[in-house]
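Number of protein chains: 2
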Amino acid sequence: MAETLSVFKYDLLQQDKGSEARRGRITTHRGAIETPVFMPVGTQGTVKGLLPETLQEIGAQIILANTYHLYLRPGHKLIQQLGGLHKFMHWDRPILTDSGGFQVFSLGELRKITEAGAAFQSHLDGSRHLLTPELSIEIQRALGSDIIMVFDECIPHPAERQYVAESTNLSARWAKRCRDAMPAGSSASALFGIVQGGMHSDLRQQSAEQLQEIGFEGYALGGLSVGEEVALMYEMMEFSLPLLPPDKPRYVMGVGTPENLVEGVARGCDMFDCVMPTRNARNGNLFTSFGKISIKQAQYREDSGPIDPRCSCYVCRNYSRAYLRHLYMSGEILSSVLNTHHNLYYYQQLMTEIRTALEKGTFAEFRRNFYQKRDR
Amino acid sequence: MAETLSVFKYDLLQQDKGSEARRGRITTHRGAIETPVFMPVGTQGTVKGLLPETLQEIGAQIILANTYHLYLRPGHKLIQQLGGLHKFMHWDRPILTDSGGFQVFSLGELRKITEAGAAFQSHLDGSRHLLTPELSIEIQRALGSDIIMVFDECIPHPAERQYVAESTNLSARWAKRCRDAMPAGSSASALFGIVQGGMHSDLRQQSAEQLQEIGFEGYALGGLSVGEEVALMYEMMEFSLPLLPPDKPRYVMGVGTPENLVEGVARGCDMFDCVMPTRNARNGNLFTSFGKISIKQAQYREDSGPIDPRCSCYVCRNYSRAYLRHLYMSGEILSSVLNTHHNLYYYQQLMTEIRTALEKGTFAEFRRNFYQKRDR
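So the sequence lines, in the order shown, correspond to chains A and B. Using my numbering, read the first sequence as starting at 1 and increasing by one per residue. Using my numbering, read the second sequence as starting at 1 and increasing by one per residue.
It cannot be assumed that every hint is accurate.
With a straight-line Cα cutoff of 30 Å, these simulated BS3-like cross-link-like pairs (lysine-lysine) come out [stated by the list, open to error]:
id : chain 1 : residue 1 : chain 2 : residue 2
1  : A       : K87       : B       : K296
2  : B       : K296      : A       : K296
3  : B       : K360      : B       : K17
Covered stretches of chain B (chain A as the covering partner; in silico rule of three or more C-beta atoms under 8 Å from a C-beta of chain A) [claimed, not checked]:
id : segment
4  : 72-78
5  : 225-236
6  : 321-331
Keep in mind the hints are simulated off the structure, nothing from the lab. C-beta atoms are modelled at their ideal positions from N, C-alpha and C, and glycine is treated no differently.
Isolated chain A (complex conformation) (with noise of 0.2 Å):
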């Protein structure tokens, strides 16, 4: 087993009494990250239509990168050329990047899984590549990313437990070969491993035992938030979370909504990544303490109220829905830009919210209001 002697650790500061949620600190060498905490989703290397300054003042504490979109544009040999992700980008905070497992299936027909790896073509121009556990450890590593994801299948849902059984079995030995490809004792990366199993608790056991042989810095729940109904993925996570070692960070990858990380914390996780407030933004659909609101929508063209008189956001604070429902409706930039501000500062301000409520032991007070605010 190769361990970094990277300054990457995880530090459990509290353990909420009436659930499994709990308060920690990550360290990286780019600093410290309070947990729980949410990712923002940064694809192309850029969170879409932000500023990193302003992602930065909204309290974005590390962001999420995609090796399958960098790999193929503009290239990870650019990228490392040019000083790595975080000076191309100019951002400073941690990078977490996935392995390009999720996007690489999701291309339906353009790919094709082997023992090697996943071939595919890509999305782009139609070019060949192959993807392997290897080359993926390879690209992270170029971009510079501070949380490196092993190489893993995507099991879509519903999918045979046969099916399930053997890329469950498939992944671990990709697993060992990511970890096998992270040089020992000197990379400041972490390197976190992948849960799957489908929705079968024996092969979600089988998988955690298997990284936890492997050892990494940190371990994912991956093939969640994948189309299944929500109280399947919360018992699932009810079931896996607490396989895992409670000294190493814990991710559920691709979720979710705000209930979804509310949920997720109560059952045990640290971290979270997901499109939805980016993309719902662009979408012209809004999060507030109240639930979601469609700023497009005929009621709000003459109001002048802020989207959550609750928020004190910048765009709360100096925007009217009225304004934001014109700016939607013209399909102007800033459209996107405004909201997807105020989107992913509603998902911070969640999580400043969650990990305050863990300090103070007022967790299962906060989940209550949490729920009520949404049901007036």
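The hints should help you fit chain B onto chain A, whose structure is shown.
Chain B only, in chain A's frame:
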């Protein structure tokens, strides 16, 4: 003649010795504007992609908004009801509004001109409207514009002399109706007349005289930068600007390139507006001290340098050409945001340098250097 009791005034601070260039100050009840000035265009109540705070940071003293667009969407009455355009778009410095004339006349087959005004069909939904001088003033006043432009016919180029002569007379009658539609003694807004006359010196002279007989707080040259050769445009400026009273601001509408601004200033112009810096930005065309570059070009793929090594804007301080090319090629929103920021900074910086040169009495030297940098 209806004179307003507006605080609006123009002070001629310095007349250049070697040219018609002049430095001045426009006072409005929303603050002073140092001239010569370039006004970024915020067509639909937003300068595309930029926060108002960013516009202020890069030195924008006044912006332009479009009557035609805001009349159709979201409607001037809505904006008035919400407290006016300044509040609506979160911009507290002066706003100049065009009259809608230029946009209506760009509609081609969709509009018809009569003595009453311009009948047209909306480019958005085909609805029928009649824009009159009185309605144009009503709209601009409802928006809360600080500088209101008269409703005129923008003459295409080339055009028959007979048509130009009749149109120029019609615009003069409309200008009088605009003046009469402005309430006497109570308006905080200034009203500017627009000199037409096509490319005919005698008609330009006639137009300038007709307008001064009516009396305005400022005078613009319309119907330039409409496809004529640049030498002809400069000739029209040279002939027309001296016909205007020296104690009022002079505005050349829709102009232009950095070269046009320098030459316009040299011929006595105080105010400019153009979509060029903002529209070019979205197309990846960036202004520099050594000319324009197209960021999409392959030569910038691995270029770690800034857009312009001589530029000290936020974008040039923090991002490489390679990153900006990547954003452009990826169709990222941040591409438009950063490119617009740089281009408008370039324009504002150019005007600052022009004003400084005028103050120091070194405008001729500035003008020589400006061209020398571009020749390299």
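Problem set entry | Within 8 Å of chain A (C-beta), three or more residues of the segment 72-78 of chain B | This one holds; 3 residues, not fewer than the three required, reach chain A with a Cβ under 8 Å.
Exercise. If you draw a straight line from the CA of B:K360 to the CA of B:K17, is it 30 Å or shorter?
Worked result: The given pair, whose Cα atoms are some 11 Å apart, holds under the 30 Å limit.
Exercise. Quick one, are A:K87 and B:K296 close enough, alpha carbons at most 30 Å?
Worked result: Distance ~20 Å between A:K87 and B:K296 Cα, so the pair holds.
Exercise. Holds or violated: B:K296 with A:K296, Cα cutoff 30 Å?
Worked result: violated (34 Å)
Exercise. Do at least three Cβ atoms from the segment 321-331 of chain B come closer than 8 Å to Cβ atoms of chain A?
Worked result: Answer holds; 7 residues pass the 8 Å Cβ test.
Exercise. Would you say the segment 225-236 of chain B counts as covered by chain A, given the rule of at least 3 residues with C-beta under 8 Å?
Worked result: The restraint on the segment 225-236 of chain B is violated, since only 0 of its residues have a Cβ under 8 Å from chain A and three are required.
Violated hints for the displayed structure, listed by number in ascending order: 2 and 5.
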